[in-house]
Structure formats: C-alpha cells, structure tokens
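Enquirer: Please assemble the complex out of the two chains, which come individually in their own frames, going by the hints.
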Amino acid sequence: MTGDTPKTPAPSVGADHPLERLRQFTEARIGLGRHGAGLPTAAHLDFAEAHAKARDAVHSEFQAGALAKTLEEAGFDTVAIESQASDRATYLRRPDLGRRLSEGSRQKLEATSGGPFDLVVVLADGLSATAVNAHGAAVATGLLAALPEGWTVAPVVIASGARVALSDPIGEALDAKIALILIGERPGLSAANSLGAYLTFRPGPGRSDADRNCVSNIRPGGLRPEIAGEKLAGLIVRAAELGLSGTRLKDDADDRIAADAASPQLPG
Amino acid sequence: MGPEQLKTLLAEASPARSGDFLAGVAAESQEARVRAQRRLAETGLAEILQTPLIDPETDEVQRLILDQHDEAAFRPIAGLSVGDFRDFLLSDEASPEAISALKWALTPEMVAAVSKICRNQDLIAIARKRPVVTKFRTTVGLPGRLAVRIQPNHPTDDAKGVAASILDGLAFGCGDAVIGINPATDSPSAMRRLLDLIEELRLRLDCPVQSCVLAHVTTAIDCMSRGAPVDLVFQSIAGSEKANASFGISLSMLKEAQDAAKSLKRGTIGEDVMYFETGQGAALSADAHFGIDQQTMEARAYAVARAFDPLLVNTVVGFIGPEYLYDGKEITRAGLEDHFCGKLLGVPMGVDVCYTNHAEADQDDMDNLLTLLAVAGVNFVMGVPGSDDVMLNYQSTSYHDAAYVRRALDLKPAPEFEAWLREAGVFDDAGFLLPESDRGDAGLIARSKLLESAQ
Numbered sequence: 001m002t003g004d005t006p007k008t009p010a011p012s013v014g015a016d017h018p019l020e021r022l023r024q025f026t027e028a029r030i031g032l033g034r035h036g037a038g039l040p041t042a043a044h045l046d047f048a049e050a051h052a053k054a055r056d057a058v059h060s061e062f063q064a065g066a067l068a069k070t071l072e073e074a075g076f077d078t079v080a081i082e083s084q085a086s087d088r089a090t091y092l093r094r095p096d097l098g099r100r101l102s103e104g105s106r107q108k109l110e111a112t113s114g115g116p117f118d119l120v121v122v123l124a125d126g127l128s129a130t131a132v133n134a135h136g137a138a139v140a141t142g143l144l145a146a147l148p149e150g151w152t153v154a155p156v157v158i159a160s161g162a163r164v165a166l167s168d169p170i171g172e173a174l175d176a177k178i179a180l181i182l183i184g185e186r187p188g189l190s191a192a193n194s195l196g197a198y199l200t201f202r203p204g205p206g207r208s209d210a211d212r213n214c215v216s217n218i219r220p221g222g223l224r225p226e227i228a229g230e231k232l233a234g235l236i237v238r239a240a241e242l243g244l245s246g247t248r249l250k251d252d253a254d255d256r257i258a259a260d261a262a263s264p265q266l267p268g
Numbered sequence: 001m002g003p004e005q006l007k008t009l010l011a012e013a014s015p016a017r018s019g020d021f022l023a024g025v026a027a028e029s030q031e032a033r034v035r036a037q038r039r040l041a042e043t044g045l046a047e048i049l050q051t052p053l054i055d056p057e058t059d060e061v062q063r064l065i066l067d068q069h070d071e072a073a074f075r076p077i078a079g080l081s082v083g084d085f086r087d088f089l090l091s092d093e094a095s096p097e098a099i100s101a102l103k104w105a106l107t108p109e110m111v112a113a114v115s116k117i118c119r120n121q122d123l124i125a126i127a128r129k130r131p132v133v134t135k136f137r138t139t140v141g142l143p144g145r146l147a148v149r150i151q152p153n154h155p156t157d158d159a160k161g162v163a164a165s166i167l168d169g170l171a172f173g174c175g176d177a178v179i180g181i182n183p184a185t186d187s188p189s190a191m192r193r194l195l196d197l198i199e200e201l202r203l204r205l206d207c208p209v210q211s212c213v214l215a216h217v218t219t220a221i222d223c224m225s226r227g228a229p230v231d232l233v234f235q236s237i238a239g240s241e242k243a244n245a246s247f248g249i250s251l252s253m254l255k256e257a258q259d260a261a262k263s264l265k266r267g268t269i270g271e272d273v274m275y276f277e278t279g280q281g282a283a284l285s286a287d288a289h290f291g292i293d294q295q296t297m298e299a300r301a302y303a304v305a306r307a308f309d310p311l312l313v314n315t316v317v318g319f320i321g322p323e324y325l326y327d328g329k330e331i332t333r334a335g336l337e338d339h340f341c342g343k344l345l346g347v348p349m350g351v352d353v354c355y356t357n358h359a360e361a362d363q364d365d366m367d368n369l370l371t372l373l374a375v376a377g378v379n380f381v382m383g384v385p386g387s388d389d390v391m392l393n394y395q396s397t398s399y400h401d402a403a404y405v406r407r408a409l410d411l412k413p414a415p416e417f418e419a420w421l422r423e424a425g426v427f428d429d430a431g432f433l434l435p436e437s438d439r440g441d442a443g444l445i446a447r448s449k450l451l452e453s454a455q
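Heads up: the protein sequence lines correspond to chains A and B, in order. Numbering of the first sequence is given in the UniProt record's numbering, commencing with residue 1 and proceeding in unit increments. Numbering of the second sequence is given in the UniProt record's numbering, commencing with residue 1 and proceeding in unit increments.
Simulated from the structure, these hints should not be mistaken for laboratory data. Each hint should be verified, as a subset may be incorrect.
Label-pair restraints from in silico Cβ distances [as the list claims (entries may be wrong)]: (1) A/GLU27 to B/ASP287: 34 to 40 Å; (2) A/ALA89 to B/LEU409: 34 to 40 Å; (3) B/THR268 to A/GLU27: 31 to 37 Å; (4) B/VAL133 to A/GLY234: 54 to 60 Å; (5) A/ARG23 to B/THR185: 20 to 26 Å; (6) A/ARG23 to B/LEU142: 33 to 39 Å; (7) B/THR268 to A/PRO220: 36 to 42 Å; (8) B/ASP367 to A/GLU230: 43 to 49 Å; (9) B/GLN121 to A/GLY234: 57 to 63 Å; (10) A/LEU244 to B/ASP367: 47 to 53 Å; (11) A/LEU244 to B/ASP259: 39 to 45 Å; (12) B/GLN50 to A/THR41: 57 to 63 Å; (13) B/LYS329 to A/GLY206: 33 to 39 Å.
Quick look at which bits of chain B chain A covers, simulated, 3 or more residues with Cβ under 8 Å [as the list claims (entries may be wrong)]: (14) 159-166; (15) 318-327; (16) 400-407.
Where is the CB? At the ideal position from N, CA and C, for every residue including glycine.
The following block holds chain B by itself, in its conformation from the complex (with noise of 0.2 Å):
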C-alpha cells in the first residue's frame, strides 16, 4: 500500500465529522465507512509502519516519528493486524504495564487507525488501564485522581481580576494542573506581569502548583532570559512541520524552550516542564494536512509532544468550530479519540471540554463527555468560573462541574496538593470539598491579602 491509498483507508475509516467532509476526504457512505473499516482492521501494524504519510525528507514530524519507534519493542506486535491489536488491547492480557511497554512501539499513525474501529466504550476501557504519570511540584494522572487546571482569563490581564479568578478556582479544589493564563497580549512584559501575579498568591499561599503564561514560546524564551519565575512553558503543536511553521514553531525551538525551562529547576518533585495543547482541525486549517484525515493528524501531533517530556498536554476539543466538530456527539467521540491516542502514545492528555456558540452544543454535551472522560481516567480539565471564558468567548468546564465529577467518581486531586487543600481548610480529611458554609474560601482570600489591596 502506498502512502495516498494508506491516508484514504484512514480517512473512509474515519467516524463522522464535518471537518473530513471539508477537507473532501470523508467516506462518501456510511457502507462505504463500515467496508473501510473492515479493510483497515485487515491492514497489518507493520505495514502501516512502513507507509510513511508525509514524505520524511519534507517533513521533521514524520522524520520524528520514524526516530521514535523502537524496532525491539515492536516486536511482539509485528504480526498483529489492527483488529488484532483492538482485540488484543482489550483483553486482560493486556495490562497497564503490557501497555505502556509498548509506548515507542506504537506510532500515532497505528493508535488512530486503532481508534477508528473502537466504540466510544473501548476507547474508554482501554484507555482507563494506561495511566501516564508525570511531575513538577504536583503529581499529575496518577489513578484515582483529576487535577484540574484554573484558567483564570480576563481580557485585559487585569491583575485584580486574574487573582479574584484564582482565588475562586483554588476555594473549589482546583489549580493541581497549573494555574495557567491565556494572555491577552502576548508580549514579555505582559508574560512578566503574570508570572509575577500568580508567583506572589503562591508564595503567600504556600500552595503547591505550577504556573504558566500560554504565550508563544518565543515570548517565553525571551521572558526567561530575563529571569522572570517561568515553570511551565506552553506552546500550540500539530502534527506536520507546515501546520507547526503556521504556528510560529519548530522541533528545535521547542528543545530550546525545555532546556532553558529545566535548567531553571523550579520544579519540587520533578522536571516535566512543557505544557502543549492541539486539537482535531488545526492542522486543516493552516492548509497544512496532505490530505490526512483530521483526527489522525491530530494523533501525529502527540509524537511531537511526547519528544519533551510534557507535564501536561490537552486537545482543545471543541473550540475551534463546527466546520470541524459540528455537534456534541463529534466534540464527545473527538474527545474521547483524542484522550485514547495520547495515552496509548504515552502523553499525559488531558482534555479541555469545551463548544462555542455556534456549535451544536450546550452544557448537557459537556456534562456527559466530562462525565466519561473522568471514567477514562483524563489527567485533567479546565476550570473556567462558571464555565464562561470571558477572553476567549468560549464555554469550558468549570471549578463546579470538577467538584461535581471528583464527587461522582470518587476522584481526588494531585496528593501534594489533596494535604494543601486539608491544611487550608477547603477539603475535609477524606479528600473531598468541605461544605461551602464552612468557607474555607475566606480563609484563602485572608490569606492571600487580595481584598486589603483591592480597597
């Protein structure tokens, strides 16, 4: 099979959505999807593999890729068709340690052709049994836990505003991701003043977390060479070396970013220090898809990140539209993909749970695919104050809708930061959010001195 037949087979295979309808490369039936879809169970792993997507001598994500892949640990797969490999990776014989040996085995473009012929259940079964674990000051996707990011934005960067929004979110239990801050002017001295913001409220608070400024990566390069308090860095990433161009970025800029991020060595408990986010579309819309099917572009995106050792990645899975998500049931199955991919790849994915307004989506969508993501056991959320993202003009989850899924599921936050929350008076000793009549908010805002400054 050559390259141009391999991306139709993963297209036609590929479960509805408008942006494979867009891009012409969507199965022209629902047969027609059903018969691609038994061909692509047929198709051996190894094959796959030797079908390069995007030419390796044009492309630095496909001449990764092919770097990644560990031939020894391929070899107990070798043979495996992709319905074997679904089956296999449902069995009991596969466990999380069989799993996660085969992490430079896989290559993104087997996990989304594995994708295409789960159920939304198998993709959260299988999903559930590959914890990815990682570290800075918290511990980050261990079983059993959900850390939840605050994304406290305003659209001036206003400081009094940030910090009531942070304030807010840790009162909930939230902040064990990173309190990270979509600016609204992406300059140094924009990054600068952020950093400093929530480094104060940190250090006041004596809290464990981890901030990040979400500017481009150039801005953060500059900002720490200037010696601003930078834990994480974030950058955009997808999943060619054109659609990463569009971003401003490359492979090299980004290993600039880590070592420069590491050697400040801020992190307590570990070095994880890239924070990345994606999302089905964005490669399509920079025009920079070869004709690959939206969400294996989007699995192709994880092999960059899992190259830097990231803390945190997540998909932004409904922001950027219904010409690619059109619905709830798309923005529910590309979330659940999406989750499933970076974990068997062994990226520690989170998801932001997100619709805009003209995507056919409200709350109730998100409550469900939150709701099941928390059962495939996504490292983390976002925590919007009341799910309503006032800079970007989107609807994300919310400090509540954590409380809410912790609560259903039995789910605790990072355990550095469970022993802060218990000490703080916002959860009781069981690791569950204290009633809100015993405010342990106000303690916090005491604390924090914000309400003495903003008299």
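Bound conformation, chain A alone (with noise of 0.2 Å):
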C-alpha cells in the first residue's frame, strides 16, 4: 500500500507502468493502467477517438464527382454508376444488393464504346469513403500510367455504394479483361483509411473471392499510395501474361516479392 498520500490519477497513459519496456514489441493496447478496475480517462478517450473515427468513415460521403474530376484533368475518362444498394443503412444490412449493378448502370456500361478492354479500374466507396476520397486517384492515375503501352484500358468507372464483387458484372458489361477494384477497406481501431485493391482475370458471373488476388492496406503508413499503383500494374501484367488471377497468380507473386525482399535495393 501507498501509505496517506491520496493518488493522483497518472499524468498520461501507461507512463512508468512495468510493461512499458515491452511495448516495443506490439502494438496492442498493453500497460494501460487502471483505476480500480476502470480505464484510466485518457486511455478510454483515446480508444473512443480510434473509434469515432472508423463510424465516421463508414458513413462518410463518397466524392464521386471530385473524383470524376481530378481523374478527367488527368487525362482519364470515367463513367459514375451506382449498385442495388441504394442507401448506406440498406448497403450494410445487403450485401447482395452491393454486388449488383442498377439496371441503369448496367446499360450505362453496355453502351460504353470502344471495347473489348484489356483492363477496367474501379473507384469505389465500399465501407470507407474516406479511404477512395483520399488517395483513390492517386493510385488510379499511378497505375494507369504504368501499364505497358498498346494497352486498351476502359474508362474509370466510379461505383457507389459497392462490394468488392461488384467488379465482376461491371467488368462483364465493359467486356473488360481484367478488374481491378480499389475499395475503402472496413476500417479498424488504427486506421480507417486504407484502400483495398482486388484483381479478378475475366471477370463475371461464377467468380468467388478464390479468384481474386488481394492487395490491402494501402495508406499513408501502409503501403503508400504513390508506390502501390506501381506494384499494382506489375501485378495486373502478370495476372494478363499468365492468363489467371487468385491463388496461382498469389504464389508466383509471391515468389517475385521474396526475390524482390532479397534484393537491398527497393524502389521509391
């Protein structure tokens, strides 16, 4: 016991708690402290504000038209279509409904001209806008702009309110080759801006997650956005050389990225 002197609550998190030294070692929330059984009050605010932030990214609005825009003055042409799915309280309760197109949208797409394409490259909302309003054209526009030349490519199309397979019927009507999809991931305690990024060879109907190669935590302090569109053209050539995507496609990715790893020289 401390003896007479009433405590004080401590001045900051964890300070000179006995697992601090450890903390190096993990990210998890240990050495927290406590006050009876209680979070000490600015570890229970900093939680609250983790969390704040992820609702809030949930339910963030999705820019479609700031993004049509920065990519058009970019020099990419883009085409806004919309899911089944037709308010975010609806989008979360039916998944389904996010992996269908609108029947608007659907001939919207069909009646886009130019096509067969090689490639078609998704914006979309999925469970944070907060991520593809950030840096969703920056990756678009950086992959784009690394694909080999001669490459037919369709218009970026901008979905709303959409799951991850929503690329198959997208890449279905645009007669696209590959899809790739880059979507706001569900956001965690420590970030709420990551982007995912999923590749589908052929896409359409039939296709499950086992098709798809996934890359995911692209962020600002994950893998950074201006490099990922790199490494994702990398990837979606590959996908087209070997005429397959999923797990094959994720074991010779694999391999290169372990050769990549040995080699002291990284890019960017």
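Expert: Dropping the structure here:
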C-alpha cells in the first residue's frame, strides 16, 4: 500500500508502467494502467477517438464527382455507376445488393464504346469512402501511367454502394479481360483510411474470392499510395501474361516479392 | 407439420435480425412475428422432435441430433408444448438438477424454439439455473465464478509481443479459461512456436492455465503427431454437415483430434480437451443453412459441440458483421440466446462479446451485454488488451472489462487460478484484484524473465 498520500491520476497513459518497455514489441494496448478496474481517462478517450474515426469513415460521403474531376483533369475518361444498394443502411444490411449493378448502370456500361478492353479500373466507396476520397485517384492514375503501351483501358468506373464483387458485373458489361477494383476497406481502430485492391481475371458470374488477388492496407503509413499504383500495374501485367488470377497468381507474386526482398535496392 | 413448415414457423417467430432478412426467412411484419410466436408456443416438443429440419440421410449433424436424443429422459416433458416448457423452465420446480437432467432429452430445435418466446430476462433467469462445469487444469463454469480467455493476438505472431500481452492479462487475473492465440499463420511450425512460448511462460510462472493456438483442427492433429505440447484443440463449428465442410471439417475429424489430445494426458484435474467457436450467421454465409433461421442453425452447432466434451465453447457474437446482426440490440439479443441455448444443451458456454466498426454498436453496448451475461452465469469471456484486437481488427472485452464485471458482481476466477493469483500477489485474500500500486504485475514480469530477454 502507498500509505496516506492521496493518489493522483496518472499524467499520461500507462507512463512508468512495468510493461512500458515491452510496448516496442506490439501495437496491442498493453500497460494502460487502471484506476480500480477502470481505464484511465486518457486511454478511454484514445480508444473512443479511434472508434469515432472508424465510424465516421464507414458513414462518410463518397465524393464521386470530385474523383471524376481529378481523373478527367489527369486525362482519363470516367463513368459513374451505382449498385442496387440505394442507401448506406441498405448497403450495410444487404451485401448481396452491393454486388449487383442497378439496371440503369448496367445499360450505361454496356453502351460504353471502345471495347473489348484489356483492363477496367474501378474506384469504389466500400466500407470507407474516406479512403477512396483521399487516395483513390492517386493510386488509379499511378497504376494507369505504369501500364505498358498498347493496352486498351476502359473509362475509370466510379462505383457507389459497391462491394468487391461488383467488379464482376462491371467487367462483364464492359467486356474487360481484367477488373481491378480499389475499394475502401473496413476501418480498423489503427487506420480508417485503408484502400484494398482486388484483381479478377475474366470477371463475370460465378467468380469467388478464391479467384481474386488482394493487395490491402494501401494508405500513408501502410503501402504508400504513390508507390501502390506501380506495384498493382506489375500484378496486372503478370495476370495478363499468365491468363489467370487467384491463388496461382499469388504464389507466383509471392516468389517475386521474396526475390525483391532479397535485393537491397527497393524502388521509391 | 413438415420440415418446411417448421422451418418457416421457427424463422418467423425469431426476434428480428438482419441475417434472417438477408436470407429472406424473416416475418414480414411485427404482428406476423407475434402470430408465429403464438403458434410456436402451441407446438408440442414431441412434434418438433419428430420433424428433422434437414434430411438425416444427407446431413451427419442431423443424424447426430437424432442419435443424441434420450427418449427416457424426454418422457417427463414429452407432453409439453413450447409455451408450457417455457413456463416450466421459469418455475421453481425447474431446479438446476431438474434442468440438467434434461440435457439429452432436449434437441437444438426445442431450445431454439423456447428461446424465441423468451424475453431477455427469461433467457438470463433460466440460464442462471443451469451451470455447466468443465475441467482441464482449472475448473470452469462454477456458480459465482467467471473465467477469462487471454487473447494475446499479434499481426505477425511476434513472440515477445504475444508474451507481453499475456503478462498484462495475468496481472489483471485473466487467463483461467485459456491462453488462446489466433495465429496470423495457420501452419504446424507457427502453431508449435506459439505453443512452446505459452508452455515456457506457464512453467516459469508455475501457473495453472491451459493453452490453445486457434489453428485448424488438422494443423493441431499434425502438431500432436510431432509431440507438440497441445493442451486444447480448437475448431470453428456450425450446424450442418455442409457448413462444417466449408470449414474443412467433419465429425470424424473432431473425434480423431479429441482422442489424440486426450491421449497426451496433459490435464491435471480433467480431460475436457476441446475448444469450439460458433456464431449466428456462419451457416448462411457458407450458403449451408437450408432455409433455417440463423439462431436455430446456431443451436444446432451446440449439438456438435456437446458430442466432444469441450472445456470451452464460445459464440463470437458480433464478429460476423451487420448483415447478420445489425446493431447493439441485435447483438445483445443474440448473445443472450446463444448462451441460453448452449447451457440448456449442457454446453460450457462462453461469449465473445464483440463488434466490428461497421456495426451500429459501441463500447456501451458491450458493457451492457457483458453485464447481462455475467448475471446469466456465462462461463467465460474474452480478455483482449484495451479491447482492441490488433490482429483480427475487431473489438472484444478487455482485461479491464473482466476486472470490472468480477468486481461489480462479486465473481471470482476459477478456484485453482484464484489460489495462484493470491500467491502471485495479484489478488487479495478475499479473491479480488489488488490495487495497481501493489504492483503484483511487476512481480510477474520479474518471474517471467521477459524484460531481461527484451533488452
């Protein structure tokens, strides 16, 4: 016991806690300290802030118009479409509707001229519009600029109310050989602005997650948006060469990544 | 009544939740729901028994449910309707012994049916009367006690990071249910590394706990054949053969794992060696629900669980997302239902009180459900550092939460673990957490020799 001295709350979260030196080994919230059984005020509010950011990201507004403008200024055509999930509450409750195109959007895509295409890039809100609003355009333009010459690329599709598998009917309607969707990932407490990229060779009905390749955690502090485009372009070219996506492409890519890691000269 | 009619009746009588709307089986209006509840209340338990929901020819879980049924034990309640049965369970006549005696009389569909016409307070009051006690190195499920799983996950399975989270949990008096790690990599070598880590900590601290690495059952079987120190074998399970196949398992595989783990004889006071996880919506997400509502499917998973004498079973109630359980209200209801159904079927039920960031839920909802479940006598809950699982990216209950609820409701840890906590200077003689200034955690850290190796 500490005797008669009245205890004052800790000045900052878990300072001088015996576990403090172990915090370098994990991002887990260890050594927070306690008052009685309760969390110290600062730790409680830190958590509340992280959760609030994540919640705001889930319900943030998708700035489809601003994205289109940025891409068009960079010289890329765009087409805006929507899924059958008409509002956010429906989107969260009915993932099946987020995987289907609205009838108007299907017609719009089918009427797009210039196909068949080698590639369509889709920018989608997913579970964090915050993520795609912030760095969707940078990743998409980086990716498109890094493609080899001679590729026939569809207008960039800007998709509202989208799940990953919406890229299947989009790819099908445009007659695209490869669909690459950049979509806001489910926000975590450590990051609410992460983009995921999912690649599907020959998108269409019957495709499942096993047929896709995923590159996740695209954000400042994760896989940086300014270098993600080039990485994704490499993956897309590889899928086109092999004529497939999914587990077999992943194995191939992992080998290449392992080979890259052995080299001290990392790009960027 | 045919199976399709019974499925419809059970689904329409189910309190509203998004997963049943997603599956297209929910009642079309609130009034229709109550009409279905009235009809369900009038339906006989015997009629439910005689109406298997899935063809037993094609579903081994259905065959298991039928094989488990004990006709002699059922006789005293064979004439009751679902409504009569609810009244009985609430009555003083339904003592803990009387309810326990019905373990093999009851089928998952019967307990699911009665849960649908219970309010939350009924689910709590009845479950409270049905302790289920299991043993390995600790005794879990005794009335007046609440055990906690330490869940020290790390995105890369870093040994020191995992160990630091374990020590933090022990210093709060957690870990008496299990020290259970979800590995980032599901491989025998990764599992072995983590098992060796917990084993070493356990022996250094001389602490009565059991370990588990929550890899696939086949990974655990592989590890055991190579002599790894496996205490508990983990597996996710569900309520149909097809759903289990989507997890890559069958009943015979679970039996093989149970036999292998028992043969290691690592338990000191019991040989309950299995740890299962379940959750409403799992079968629907695998398109293996056969038109059955998600809560009835969940109860069927407990028939699988109880066939293998598990030490621990928990529903991961809010993990699956808002398309199955939309908000705090639906998660709360589902957590209480799952605990109730598990206990009536004799399953040692714990609950992962949890949510994801796209669900309409927050820490306040979790505080409420944790408190309700502790009143209902839940066997164990999770302890995640600061509620934030940095590997699985969801929020569960924390070490602090466990300490709060034990203190608020005078609940103690497992008796063997309580004695150890007292010796370790973490708990006082009355069985409660000492003030942090007493620095019981510093003693633990010194004994673990973790800081030395970290420098």
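Enquirer: It remains to establish, for every hint, whether it holds in the given structure.
Expert: Evaluated hints:
1. A/GLU27 to B/ASP287: 34 to 40 Å: 36 Å, holds
2. A/ALA89 to B/LEU409: 34 to 40 Å: Given range 34 to 40 Å: holds, Cβ gap about 36 Å.
3. B/THR268 to A/GLU27: 31 to 37 Å: With Cβ atoms ~35 Å apart, the hint holds.
4. B/VAL133 to A/GLY234: 54 to 60 Å: Because 57 Å falls inside the window, the suggested range holds.
5. A/ARG23 to B/THR185: 20 to 26 Å: 23 Å, holds
6. A/ARG23 to B/LEU142: 33 to 39 Å: Holds, at about 35 Å.
7. B/THR268 to A/PRO220: 36 to 42 Å: Because 51 Å falls outside the window, the suggested range is violated.
8. B/ASP367 to A/GLU230: 43 to 49 Å: Holds, since B/ASP367 and A/GLU230 (Cβ atoms, about 46 Å apart) stay within the stated range.
9. B/GLN121 to A/GLY234: 57 to 63 Å: 59 Å, holds
10. A/LEU244 to B/ASP367: 47 to 53 Å: 49 Å, holds
11. A/LEU244 to B/ASP259: 39 to 45 Å: 41 Å, holds
12. B/GLN50 to A/THR41: 57 to 63 Å: Roughly 59 Å apart at Cβ, these two residues keep to the hinted range, so it holds.
13. B/LYS329 to A/GLY206: 33 to 39 Å: 37 Å, holds
14. 159-166: holds (count 6)
15. 318-327: Per the Cβ count (3), the hint holds.
16. 400-407: holds (count 5)
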